[in-house]
Amino acid sequence: MADQLQKRPTEQPVKMQEKAEQTPLYAPDVDIFEREDAYVIVADVPGVDRDSVEIDLDRNVLTLRAHLATGAPEGYELTYREYRSGDFERVFTLGNEIDRDAVEASIRDGVLRLTLPKVTEAKPRKITVQAG
Amino acid sequence: MLWPTLTGRGWNPWAELERLQREMNRLFESYSGNAAPSEFPAVNIWTNSDGVVLTAEVPGIKTEDLDIAVQDDTVTIRGSRPREELKDGETWLRRERGAGAFVRSFSLPFSVDADKVTATYRNGVLELTLPRAEADKPKRIAVNTE
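Chains as they are written, first to last, in the working numbering: chain A, 28 to 159; chain B, 2 to 147.
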């Protein structure tokens with residue numbers, strides 16, 4: 028799931044402008060911490076399920092996208108609103124390059140957890156010139 | 002005209018002012034429109050003639066840590082969200098997610114049939130279905146003609 032792009036499971040593609048009006052975009056709240064060998068990102072994405080998370084990694088730039096799955100209750104009319112539903116997107120620039128093949132992602136109860144291992148830098152090799 | 006009207010590359014103070022005004026408007030719009038909810042969790046309420054559905058964004062919570070109480074026309078949601086803790090050798094780079102205990106209470110315009118309340122928690126969203134008590138429903142009275 029880590030570095031493959033997943034198409035949003037929505038209906039037919041809509042015009043860009045319409046799409047922008049229909050689904051607002053929100054930046055999720057995140058916790059980020061760093062270990063010697065990895066970064067861990069924890070993001071609140073309520074209403075998002077496993078299949079609608081998209082993680083895009085370009086060297087040390089991580090783009091996180093999540094499409095909201097939860098719809099309105101059927102047969103009811105919205106009468107009081109404190110939150111709007113929409114998609115989530117956030118871009119992070121990390122200090123180190125990430126080993127994209129080793130990225131781990133899990134989602135549970137609307138919380139996305141990403142472990143991004145740093146690329147272990149190649150140690151400079153010492154080349155000794157041998158006298159012939 | 003105090004300021005010469007300059008076209009093309011010239012400096013236009015009015016355009017500059019308009020730009021400033023747009024920036025200000027945008028600033029205020031973002032405050033009123035997109036402001037984070039002051040209370041946790043954020044709640045939406047959906048209504049029809051049979052009752053209401055209350056949805057709340059409470060990501061990352063265990064259902065056993067949620068306490069929902071209904072009495073007459075009042076519904077109370079209580080809970081606690083765990084704080085992310087660091088292990089040895091880990092350092093924070095960013096910390097935005099809230100944690101700790103929360104409580105929210107809502108008065109509905111009718112009495113709730115507490116026995117028929119259902120609650121589901123899915124993908125971090127709590128959904129409460131609160132049916133209106135039968136005794137509280139409006140009675141339709143037929144008019145007899147003689």
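Any given hint could be a false lead.
[Claimed, not checked] Stretches of chain A that chain B covers, calculated by requiring three or more beta carbons in the stretch to come under 8 Å of a beta carbon on chain B:
id, stretch
1, 54–62
2, 134–143
[Claimed, not checked] Subject to a maximum C-alpha distance of 25 Å in a straight line, what follows is the list of computed SDA-like cross-link-like pairs (lysine to any residue):
id, chain 1, residue 1, chain 2, residue 2
3, B, 88, A, 63
4, B, 88, A, 144
5, B, 117, A, 145
6, B, 88, A, 106
7, A, 145, B, 90
8, B, 63, A, 123
9, B, 63, A, 98
10, A, 145, A, 103
11, B, 117, A, 54
12, B, 88, A, 60
13, B, 88, A, 64
14, B, 140, A, 103
FYI, nobody ran anything at the bench for these hints, they're computed from the structure.
All of these numbers come straight from a predicted model, not from anything done at the bench.
All C-beta atoms in this analysis are idealised placements derived from N, C-alpha and C, irrespective of residue type, glycine included.
Going down the list of hints, with the structure as the test:
A count of 7 residues in the stretch 54–62 of chain A with a Cβ less than 8 Å from any Cβ of chain B is obtained; the coverage claim is therefore met, three being the minimum. With 4 residues carrying a beta carbon less than 8 Å from a beta carbon of chain B, the stretch 134–143 of chain A meets the three-residue requirement, and the given coverage holds. A C-alpha spacing of about 12 Å is found between residue 88 of chain B and residue 63 of chain A, which places the hinted pair at or below 25 Å, so the restraint holds. At most 25 Å may separate the alpha-carbon atoms for a hinted pair to count; residue 88 of chain B and residue 144 of chain A meet this at roughly 16 Å.
Our distance criterion of 25 Å between C-alpha atoms is broken by residue 117 of chain B and residue 145 of chain A, whose separation comes to about 52 Å. At most 25 Å may separate the alpha-carbon atoms for a hinted pair to count; residue 88 of chain B and residue 106 of chain A exceed this at roughly 44 Å. With a C-alpha separation of about 15 Å, the suggested pairing of residue 145 of chain A with residue 90 of chain B holds against the 25 Å cut-off. Distance restraint check for residue 63 of chain B and residue 123 of chain A: the Cα-Cα separation of roughly 34 Å exceeds the 25 Å cut-off, and the hinted pair is therefore not satisfied.
Restraint check: the Cα-Cα separation between residue 63 of chain B and residue 98 of chain A comes to about 22 Å, which is no more than 25 Å; the hinted pair holds. At most 25 Å may separate the alpha-carbon atoms for a hinted pair to count; residue 145 of chain A and residue 103 of chain A exceed this at roughly 48 Å. Our distance criterion of 25 Å between C-alpha atoms is broken by residue 117 of chain B and residue 54 of chain A, whose separation comes to about 37 Å. Between residue 88 of chain B and residue 60 of chain A the alpha-carbon distance is near 10 Å, which keeps this suggested pair within the 25 Å criterion.
Only pairs whose Cα atoms come within 25 Å are accepted, and residue 88 of chain B paired with residue 64 of chain A is accepted, the gap being roughly 13 Å. Proximity of residue 140 of chain B to residue 103 of chain A is assessed by CA-CA distance (about 21 Å); at most 25 Å being required, the pair is judged to hold.
Comparing the model with each numbered hint stated earlier shows that hints 5, 6, 8, 10 and 11 do not hold.
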